[in-house]
Amino acid sequence: MKSSYLRASAALACAVLLTACGGDDGQLLLGGQISGVTKPGMILTNNGGSDYEVPVPSNGTGVSTFFFPTLISSDDKYDVQVKSKPTNVDQCTLFQNTGRAGFDVTTIQIACTFKTQALTGTVSNLKNELVLVNGSNRVTVPAGATTFAMARVAQDAPYGVSILANPAGQSCTIANGVGTMGAADVNNVTVTCAP
Amino acid sequence: MKSSLIRPALALALAASLAACGGSDKAEFTVAGSVTGIVYDGLVLSNAGVPLKVAPPTTAGSPVRFAFPDKLEYGDTYAVTVTGNPAHQSCEPSVPDGGIYTNNSDTAGRLVTIDVAIACRINTFAIGGTITGLTGAGLVLANGSTGGTYTAATPATPPSTTPITYALPVVAFGTTYGVTVSKQPAGQVCTVVNPTGTMGDAAVTNINVTCVAA
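These protein sequence lines map, in sequence, to chains U and F. Going by the numbering used here, the first residue of the first sequence is number 1, and it counts up by one from there. Going by the numbering used here, the first residue of the second sequence is number 1001, and it counts up by one from there.
Possibly wrong hints are sitting among the right ones.
[What the hints assert, rightly or not] Below, a list of computed lysine-lysine pairs in the DSSO-like style, where the Cα atoms sit at most 30 Å apart:
1) U:LYS115 with U:LYS83
2) U:LYS85 with F:LYS1183
3) U:LYS39 with U:LYS83
4) U:LYS115 with U:LYS39
5) F:LYS1071 with F:LYS1053
6) F:LYS1183 with U:LYS39
7) F:LYS1183 with U:LYS115
8) U:LYS39 with U:LYS85
9) U:LYS127 with U:LYS85
It should be emphasised that the hints constitute simulated quantities derived from the structure, not laboratory data.
Let the sequences and hints guide you as you build the complete structure.
Take a look at the structure:
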C-alpha cells in the first residue's frame, strides 16, 4: 500500500519536472506592433506554420498591436514572416522578427508602406502664382503653368485639392479635386482661373 | 649641474603624483546635455535658478549641445527645467537614448558625466468648426490625404437644428490644411467655408460646413 502511493507520487513529481523542463507548455505571447493595415489581407506566419490574419484596427490609422493566437513555449525559436499583404501595401520591413523566446515576445516590429499613386491635373488661364494644398501638402503653381503635381497619395486614402491662395487679381475653381485614391493615378484635377 | 636638475624634476614628479592621488583636486561636474527637435528661437533652460539660452542648430534637425557655466562638486544636486519655450514649440525633459527615465535631475557624481536630454516638438492645434443643416447619413470630411478624417454620426430623426461641432486631427504650426467633403451625405450637398489655411498658434474653429438638399 505504502509503496504504491510512493510510486504514484514519484511518477507525478517526475511528470511535473519534465513539464517544467520545457515540454510543450506554450504560455508565452508572440507579437509586437504592425503598421500599414487598413484592409484585410495581412497574413503572418511563425516558423512557416498556420496563417494568422492581423485584424484591421478600427481607428483607420493602420497601426496595431498583434499577437499570434497560438502561445509559444520558453526557449522556442520563432521566425515571424509576412506571408501575404493587403492589396494596398507596397512592402513590409520586419525588425526583431526572429529569436528564441525567454519571456513574452512583444518586440516584433513590422512596418509596411502603402502603394502610392500620382495626383496631378491641369490649370488654365493662370496669370499669377497659385497655391494649392492637399491637406499638409502645399504646392506652388507658377504663373502661366498649365499642369501641376501634388505629392503622391497612398491607395485608399482620401484626397482633396483646394486653393490656399488665389493668384493676384484672379479667382480659381477646382473640378474633380476630391476623391479616394484607387489603384490608378489621378490626373483629371482641373483648375480654371478667371478673369 | 646634473644633480641640481634631477632634484627639482623628482620633486615635481612627486607633487604631480600626489595631486593625481586626489590631494586638493575635487572632481567637478558640468551640467550639460542636448536638445533635440529645436527649430525656433527662445528656449531657456534653468538649473538652480541660473538661466541658459539655447539657440536652434545651424543645421536643421541636428541636436544642440548645452552646458551650464557653473560646475558642480560631487554630491551636489541638479535639476534642469524648461523655463522658456521656443516660439511655436514645447520642450520638456525626455528619455535619453537607451535609457528608461528622464534624466534632468540627479546628484552629480552618480554617473561619470551629466548628459541631460531635452526634446522639443512643434505645437499642434485642432482644426474644426460647425456642421449646419445635416440630415443625411454618411458625411465624411478629410484634411488632405494624411491629415485624418471626420465621419459625422448619422443624424437623428427628425434632425436636430443645433449645429454639430466637429474637430479633425491636430495640425502642426506652419503646416497647411485643406478640408474637403470626402463623402457627401445621402441626399445632400455640403460646402465648406474657410477650408484652407496655414496653422498658426491657436486652434482653428471657423471651418464651417453647410449642408443643403441636393
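Hints, verified against the model:
With a C-alpha separation of about 18 Å, the suggested pair U:LYS115 and U:LYS83 falls inside the 30 Å cut-off, and the hint holds. For the hint pairing U:LYS85 with F:LYS1183, the CA-to-CA distance comes to about 27 Å; that is within 30 Å, so the pair holds. Proposed proximity of U:LYS39 and U:LYS83 is supported: the alpha carbons are some 15 Å apart, at most 30 Å. The straight-line distance between the Cα atoms of U:LYS115 and U:LYS39 is roughly 13 Å, inside the 30 Å bound, and the hint therefore holds.
With a C-alpha separation of about 17 Å, the suggested pairing of F:LYS1071 with F:LYS1053 holds against the 30 Å cut-off. A C-alpha spacing of about 19 Å is found between F:LYS1183 and U:LYS39, which places the hinted pair at or below 30 Å, so the restraint holds. About 22 Å separates the Cα atoms of F:LYS1183 and U:LYS115, which keeps this hinted pair within 30 Å; it holds. Straight-line distance between C-alpha atoms of U:LYS39 and U:LYS85 comes to about 9 Å, which keeps the hinted pair within the 30 Å bound.
Pair hint U:LYS127 plus U:LYS85 does not hold up; C-alpha atoms about 46 Å apart against a cutoff of 30 Å.
Hint check: a violation occurs at hint 9 only; the rest are consistent with the structure.
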